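4 protein chains.
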Amino acid sequence: MTQSAYRHRLSVRYFETDQMAVVYYSHYLVWFEAARTDYLKSKGFPYARLEEMGFYLPVTEAYCKYLTPARYEDEIIVETRIDEMKNASLKISYRVLREKDEKLLATGFTVHPCINRERRIVRFPEVFLQALS
Amino acid sequence: MTQSAYRHRLSVRYFETDQMAVVYYSHYLVWFEAARTDYLKSKGFPYARLEEMGFYLPVTEAYCKYLTPARYEDEIIVETRIDEMKNASLKISYRVLREKDEKLLATGFTVHPCINRERRIVRFPEVFLQALS
Amino acid sequence: MTQSAYRHRLSVRYFETDQMAVVYYSHYLVWFEAARTDYLKSKGFPYARLEEMGFYLPVTEAYCKYLTPARYEDEIIVETRIDEMKNASLKISYRVLREKDEKLLATGFTVHPCINRERRIVRFPEVFLQALS
Amino acid sequence: MTQSAYRHRLSVRYFETDQMAVVYYSHYLVWFEAARTDYLKSKGFPYARLEEMGFYLPVTEAYCKYLTPARYEDEIIVETRIDEMKNASLKISYRVLREKDEKLLATGFTVHPCINRERRIVRFPEVFLQALS
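Residue numbers (this note's numbering), protein chains in the order written: chain A, 19 to 151; chain B, 19 to 151; chain C, 19 to 151; chain D, 19 to 151.
Next up, chain A with everything else stripped away, as it sits in the complex (with noise of 0.2 Å):
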């Protein structure tokens, strides 16, 4: 795609670590649900809004490689990025990257469907899909 990727920001917390002195690898996926909420809220469409409307976007499959490990106090940005817009489902990927020297640390993604709350597939509403387009 040649969207360009929007950019979110985190310090990595005392929390995160465990007793290899690196990142706990579960992290990542936090990380890729903040970076998430902060792109759909840099769209105009936070996802609380989304939710309020009874629209929900659970995660059906999640993949994260890892490349070098991130640490405590390290500052992070995370990438994110469409990579598939369907009538009812998502694939958003990500890169990790740490902020002093743009190292990649790790790569993934998550897919999501949309749900109504009875939790049936359903169309994303046309409000969300003009913001994201």
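Rather than coming from a laboratory, the hints here were simulated on the basis of the structure.
Since we're looking at a predicted model, the values are computed, not measured.
Everything hinted at is true.
Label pairs and their computed distance ranges (CB to CB):
#1 C:LYS121 - B:ASN134: 29 to 37 Å
#2 D:GLU79 - A:ARG27: 31 to 39 Å
#3 A:THR86 - D:LEU147: 31 to 39 Å
#4 C:GLU93 - A:ALA39: 33 to 41 Å
#5 D:GLU93 - C:GLY62: 45 to 53 Å
#6 C:ASP119 - D:ARG25: 47 to 55 Å
#7 A:LYS121 - B:ILE139: 47 to 55 Å
#8 D:VAL145 - A:ALA39: 19 to 27 Å
#9 D:ARG67 - B:ARG99: 41 to 49 Å
#10 A:LEU85 - B:MET103: 47 to 55 Å
#11 B:ARG99 - C:ASP119: 33 to 41 Å
#12 C:GLU120 - B:LEU122: 36 to 44 Å
In this text, a Cβ means the ideal position worked out from N, Cα and C, and glycines have one as well.
Starting from the known structure of chain A, arrange chains B, C and D on it as the hints suggest.
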């Protein structure tokens, strides 16, 4: 109180360690929660049932004193005891022990008002009080 | 593989739920870790012993497919299976089941190289390979 | 104390919510940590540097009083203040505010002895005391 304490068992996860190679301090509060969930279940009144009835026990105070660090793969016992039982609030205290030598690792307490779906403070339902007494 | 899977048991904690009232997606990776820790212990080779010998198994890839959400107080079984065992890396797969009806909730895998204290990739120690075979 | 408080900013992550649709109570302790890390950095003495010098500030006591729940996507301010500075220990207090209306959500404190690599209590290094005064 003369009431004997309920004992919840858990194993320390790698996730719970930090780069000091000990359990990060916020996880003890999660252990307190797991222990009181288990305690209520042992009394025949799972917390999930209380929520189904429309009652919630949020936390309004939490305290923990850390004596000796817990480490990865330690087998842990969390003792739970009702300290105070009022009409609309509850104080629970905890003791965290290392199983192999019964070494006391931490102590703490949490305070819980009883609220309804509108987040208003209400009396505990009678069946709940009976189960715990 | 014909090898039978090792079963790790856990109870869903309130901590692990999110405002969709289901388990937040990153926690499945924590469960995978708890399950493989338990698996190695069952083979007579606790992961803590591997670290004492100066070997580490960081994660270089993690994947999870989410089928049915886990909920608070669900009793969960995580099945662990060695998928691939090479000289210096290991692929482990997982199946997450709800205990009461053996419903499959999620599947996934992790990939682990063997590294030494200098973070260089090295062969697994012989005693470790023997324990797992 | 007349000293003005240092303000750390963060956004509530979905990860931090629970099925009551509010932030789960243990995460406030993580926020306290992020805030004090940021505070030390603002004083020109990042905590990572203290660890490199062989000094650690584990937590021996933590307390939090929860007044109003934080919610997903809330912008949060955590104010950090040194309450007590002794030769070998430190008490820090925190105030958690919602940014949009400066509503006070929680208050709390943590206590930290200064220890060395052998986990023995020692005086703070002089440069650290100077940076904080």
